[in-house]
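Next come the chains, spelled out residue by residue.
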Amino acid sequence: MTTTLTINGEAKSFDAPADMPLLWVLRDVLGMTGTQFGCGIAQCGACTVHIDGKPVRSCMLPVGAVRDRAVTTIEGVGASPVGAKVQKAWLDLEVIQCGYCQSGQIMSAAALLAATPNPDDSDIDAAMAGNICRCGTYVRIRAAIKQAASQRQS
Amino acid sequence: MAVAEKIFDGLSRRAVLTGGLAGGILLSFHLPVRAFGVNEPVQPPDDTAGKFAPNAFIRIDAGGTTTLVMPQVEMGQGVYTSISMILAEELDADFSRLALEHAPPSDKLYGNPMFGIQATGNSNSIRAWWPHLRAAGASARAMLVQAAAQQWQVDPASCTTANSEVMHKDSGRKLSYGELALAASSEVPPKDVPLKDPKDFVLIGKPLKRLDTPDKVNGKAVYGIDAILPNMKFATLKACPVFGGKVAKVDDSAAKKIPGVQKIVVLDDLVAVVGDHMWAAKKGLDALVIDWDEGPNAHISSTDIWRDLRAASEKDGAVAKSAGDIVKGLATGDRLDAAYELPFLAHATMEPINATVHVTPDLCEVWTGTQVMTRVQSEAAKAAGLPVEKVIVNNHLLGGGFGRKLEPDMVVAAVRIAKQVDGPVKVVWTREEDIQHDVYRPVYRDNIAATLSDGKIVGWKYRVSGSAIMARWFPAGFQNGVDIDGVDSGIDMPYDIPNFHVEFVRAEPPAVPTGFWRGVGPNNNVFAIESFMDELAKKAGKDPVDFRRGMLGKNPRLLAALNLAAEKSGWGQPSPDRVGRGVSVQPSFASFIATVVEAEIDESGEVKLRRVTCAVDTGIAVNPDTVVAQLEGGLIFGLTAALYGEVTIDKGRVQQSNFNDYRMLRIDQAPKIEVHVIESGEAPGGIGETGVTAGPPALRNAIYAATGVALRRLPIDRAMIAAGKKS
Amino acid sequence: MSPAARRILVSVVAIVAAALAAGLWILRGPGPMAFADGPKVALADYRAADPTGVPASLAKANPVERGAYLARAADCMVCHTTQGGQEYAGGLGFKLPFGTLYSTNITPDKETGIGNYTDQDFLNAVHRGTRRDGAPLYPAMPFTSYTYMSDADALAIKAYLFSLSPVRATAPANTLPFPFNQRWAMNFWLGLFNPDTRFEPDASKSPEWNRGAYLAEALAHCGECHTPRNLAFALNSRRKFAGAVTAGWRAFNISSDKATGIGGWRDEDLVAYLAVGHADGHGTASGPMGEAVDHSFSQLAPEDIRAVVAYLRTVPPIISPDLPATLAPPAPASHRQGGGTADARGKVIFEGACVSCHGWTGESSISPFATLTGAWAVNDPGATNVAQIVISGTRRHTEGAVSMPAFGNAYSDAEIAAVANFVTARFGSKPSQITAQDIAGLRKQTSQ
Ligand code: FES
Ligand code: FES
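Protein chains in written order, with the working numbering: chain A, 1 to 154; chain B, 1001 to 1727; chain C, 2001 to 2448.
FYI, nobody ran anything at the bench for these hints, they're computed from the structure. We put the beta carbon where it would ideally sit given N, CA and C, even for glycine. Fair warning: there could be bad hints in the mix.
As a list, the in silico DSSO-like pairs of lysine-lysine whose alpha-carbon atoms are at most 30 Å apart [unchecked claim]: (1) B:K1321 <-> B:K1554; (2) A:K146 <-> B:K1256; (3) B:K1256 <-> A:K12; (4) C:K2110 <-> B:K1651; (5) B:K1321 <-> B:K1542; (6) A:K54 <-> B:K1672; (7) B:K1382 <-> B:K1321; (8) B:K1672 <-> A:K88; (9) A:K146 <-> B:K1209.
Example chain C residues on the side facing chain B (calculated, C-beta under 10 Å, incomplete) [what the hints assert, rightly or not]: (10) Q2086; (11) R2128; (12) V2348; (13) G2400; (14) M2404; (15) P2405; (16) A2414.
Listing some non-contacts, in silico: residues in chain C with all C-beta distances to chain A over 12 Å [stated by the list, open to error]: (17) A2017; (18) G2053; (19) S2057; (20) C2079; (21) A2152; (22) S2163; (23) L2190; (24) T2197; (25) S2256; (26) A2272; (27) A2275; (28) P2321; (29) A2333; (30) F2350; (31) A2353; (32) E2399.
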C-alpha cells in the first residue's frame, strides 16, 4: 500500500502495511536512522518524533494512524527555532554520552519548550520522565532544558 | 529507493568534512559503511597512501587534515575526545581541524596495552594508553620538525610547533603539517622523544567540547544498528528461552503468510525471521509456533542458585592476599561478621544488541559496535568457516557498552543467520531478547569478618564467592584459583589494617552465562566493604566518616577526597527526619573517590534520592568535563541497579523482559549531583566505572543512617526497610 | 452419649439441615433466561430458524469445522491452555480463595487427556459436571452454562477436540484444603445448582434473540463472570449481569441499565467491543474479557455478534450503586491541572511509565486502545481492573489491538496502589483508595 507522509516538511511516499509502526518506516524503509529503537513498548522514549508538534512514541504508532499530520524527526527538528535552541543547549552543556537516547530526549525537550516556554522542574519531570537514558545524563538534560528556555527569552 | 539516500549521505560524509558548530570544529568519521564492491576489503587500513602516517594513530594528508585513528571505542565515555586531546597535545595539532577514524581490528596495532588485545573496558583506556599516545604524538611531531628543519637547513631544536604548523623562530618561516606531510613520510622516527612538561599542556586539562556529540544532536551519528547496505534484509530472532535449550519443531505456516517475510532461518538453538524490514521480521517471529527442547536446565531457579552459592561461600577459598596474622587478628577485640549479596544484572545498553553481516563464499563482512574488535573478527571467522583475514569488521559508535559488548555472541549469531541469507542482513535483537539472552553480571556473595579494638580494625577476613569471569574471558587473569577481577578492590583496600586476608571461591551458577558489567569486580567489592565499614563504625560507636578517616593514614589522596566530600555534602549537619546521609570511599581504577548520598526513606520503604556529592582525585583529568559527566552518569547507573536491578531465573529462563519489569531510574527520580574534581599531577586514573561502584554502598549507608536497617543485599529491599528490622 | 443428648443432637441436625435446604432453595433462584417470560418450547418444537449450531456460512462444513467454531464460541481454549503452553493441554491454575484448581488436558491423549471419553462421557462432563470416573467437577468449569448446549453442538466440539493431536500432559494436582478437597461434597452442589437441562427457545422472541440467548448463555457463558454469585458460589440470576469480581478482575455491569450498564451504549459500540475488544468512548477489553474477545468473540460471524447484542439489550436493568452515573471527560492537557493524589508516587510512576501511551488527557496519541477516557475501569472507585492491568498488563491478539506490558514484577504493592489511585483520580469520576494490602490480595487471585 503506497502511503505519503509529510516528514520534516517533505512529502515522502513509500510502501508499507498500515499497521507498521512509524519507527520502522522511518528507519528501515526511508533510511532515516536518527530515530532510535530502544524498547518497542513506549517505555524508553528513544523513538520519539513529533506528530503535529506533539511528542509521540513512533515504535507503537501505526503508520496508518498518522494520516495527513506533519511528522518531525530528529533530522528535521533543528529547522525550528526551539529545536535549534535545544540542540545548542545540549552541546553547550555537553549533555550527551553514548547519545543513543538523545534523539528522543531532544524531541521530548523541544516539544516541552514549544508548549511550555518556561518549564519548572515539575514540567520537566512530566515531559521527560518517559525518556530513559541508560548513560544517566539526567542532571544535564534538566540543566540544558533550563538553559534553552532562558535563551528563548533573551 | 530512499535507503540509497542514506548510503550516499554516508559516502559523501566520508569524502567531505562536515562543518561543525560555532567553534569551527571540523570532524569527519571515516564511516565504514561501504556501499559497493564488497569484494575489496578495507583492512588492514590502506588509506595511508600519500599521507604522513608515522604510526597507527596519526595520518596527515597534503591538504593538512589530521586524521586520528581511535584504538579504543566510543560508547559514551568521551574517549574519542580524550584520546584526540592526548595525541593532539604532543603533536601540537590544530584541535579544531581533526578527523577521527574508528580503528580496524588489529591487536598488533591497537591492542590495549593493559590487556594485550584490542578491547575497551575496565576504565583503562586513558590509563593504559596515556604514555603510548603521548609518545606517538611526540614522535610524529618530531618527524614533522625534522622535515621542516631539513627543508630550511636549520637545527630542529630551533623550531617550534603549534596549531599544526612548524615555525622557525629566528627566521619567522612557517610550514603547515600538510605541506610537510610528504617530506615527513621519509623521516625516521627518532628514539626517546621528550614529552611535554604537564605545565605546558594547552589541551589536556581543559574542559573541551566533545568531538562525537555534534552528530548526536541531529540524528547523523551512525551506531551499529544504523548500518544500511544496498539490498539489505532485516532479521530478528528468538533463542530458546531456557539457557542451553534447542529448537525442537517450528511451524512457520502462519509466519510465511505475513507480507514482507522473506525467510525463516532455523538453527539448533534459535530461530530468526528475515524480512524486508524489522516489522515484517518481528511479526513473522511472533507468528511462529516454536516447540523448544528445553534440555537439562529447565528446572534451574534463582532459589537454587542462591542456595548453592551460599553453601559454596561457607568453604575456604583460594588466598588472594594475606598480611599480618589473620588468626591472631580475628581473635583480638570485638568481632563482627556479615555477608553481602548481589544479584544477576542485565546490561540493557540503550542500543539493543545487533550486527549486520554479509557472508559470501570467500568473505564475511560485519558492521557492528563492539568493545572487542579482534575477538569479534576471530569469532566471526570461526562461525563463517573462513580464515580471519577474510573477515572485515567495521566498527561504529556504540549506543552504550557497559561490558555487554565485550562479548562477541551477537556477532556470532548474526553470522550464523547471515550464512543462510543472500546478501547483507541486519540482525536486531528485540529488547526482550536482549534482556533474556544477556551475559549477566554474576551473583556474588561476600562474607566478611572483622575485629575492632580502640575504634580501629585489627583483623579483616574477606571472602568473595562468585563467577570467575576472567577464567573464561582472559585466562591469564585467573590463577591459582583467584580471579583478579573478582577480588580487585578487595585486595586494594585503602584502610590500614594490620591483619588482612582475602580469599576467592569460584562458584559458577549453572547455565546462566556471566560476564563483565560496568564497574566490574569492584562493584561487588566496594559494596561489601563500604557497607560493612558502616556496620563496624556503628559497632565502634563512631561517625562513619571519622571511622574511615582514622584508617586512611597511608592513603592521603583518598583522605583528601573524603574530607572534601564530607565538607561539600554538609556531613554532620542535622538532617530532616527520615533523611540519611551515607558515605563510601574507594581507590578503584586508580581513582580516589569519596561519595556522600543523601536520601529520604518513607515508612513504606520507598527511597527518594535527594543529593549526591562526590569528590575525586583521578590524577590528571584529561578532559575534566568528561570526568564530571562520567561520574554523574556512573552514579545514576549504579543507583539504578541498587534501587531496582535484579535478574531472576525461574524454570531455566530469565523472568525480566523489558523496561516494564527491568526497571530504570528516570529523570524525576534522579538526585542532584555535585562532582568536585581535585587537581592532581599524578598519571590519569580510570573514571568510566567509578561512579557505578561509588553510589550503591553510599545509598545503602544513607538508608542505614536514616532507618537503622542494615541492608545486606541489592537491590534494596523496601519490605525489609518498612518492617524496620534493625541490625 | 446419653439418649437425651443423642435426641437433642439429632433434632439440631434436622433443624439445621432443613434451614440449609430452605436457604439453598432461595439461593438457587431463577434460571438465567427466566427474565424472558414468553412461552418456552423444546428445541425440537421450535419452528423458526434453529438457534443452535453454527452460522449459515458454516452450515455445510464438516463436523470438525463446526466443532471448531463452537469450541471458540464456548471459549474452551483459554482456560485449558497455560501461557506459552500447548493448546487445550490444560494446567492453567485458578486461584480461588480456598486453594488453586488446575484445568485439565482436553486433547485426545488417552492417558492424560480425554482420549477415552465416549460421547456419553463427554456429555456428562459438559452438561452435568461429571467426570468419566464419575467424580464431580468443580464449577470452575462452567458446566452450569454449558448444560444448555445441545447434544449435537457438544458432540461437534468433541469431534473437533478429537481431531487435535494428543498432548501428553498431566495438570498439577489441585491444592484445595479440607473440606474443599472432598469432591463427593460437590454432588450436593450439583444436585442443587446444576439444572441439567438443554436450551429452550422463547417462542415470543425473534430467532435472532434466541440465537443470541443460546450463544450468550450456553456457549459464551457470560453470566459466569458478569452475574454475581450467592453464598453457595452459584449464579444469582435475580441480579443477572449486574457485574461481579471474578478471579481478581471486575466484570462490569452488562445489564441494560442506562447509566451503569450497557443501556446507554449504541449497538455499533457493543458490536465493536465484542468483535475487536474496543469501542471508542467505552474503553478496551482487558484481562479475562480481552481473552474472551481474542479467542472467542472476535472469531464469531458478524450475525452471531449482532444476535448476542440483541439478546443483551433485553436483560432487565440493574443499577451498580457504586459506579458513577456519568463518566469523567478527558483530563486537562497539562499535568498541573486535573485530579491528582496526595501520594506523590502515583504521579511519578504515571509520568515515567504510563504517560507516553495514555497521555495526560487520558486520550492516547498512539492508539484508541490505550485511551482511558470513558472506560469503566478508570471510573470504578474500587480501581480493581486498573490495578490488575498494571500488575498483569494486557496481552491482546485481535488484529489491530494494542497490548500493555505488565508492571507487577518490578513495582511494589504500594507503588501499584499509588498509580492506580492516581489514574482513577485523574481520569475517573471518583478517586479510588486502593491500598497496598488490596494489591497483594489481587495478586493472589489472578489465574496463572
Ligand atoms: S522504542 Fe519507542 S519508547 Fe522505547
Ligand atoms: S546518552 Fe547513552 S543512553 Fe542516553
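**Prompt:** Can you give the numbers of the hints that this structure goes against, from lowest to highest?
**Reply:** Violated hints (numbers, rising): 2, 7, 11, 13, 29, 30, 31 and 32; every other hint is consistent with the structure.
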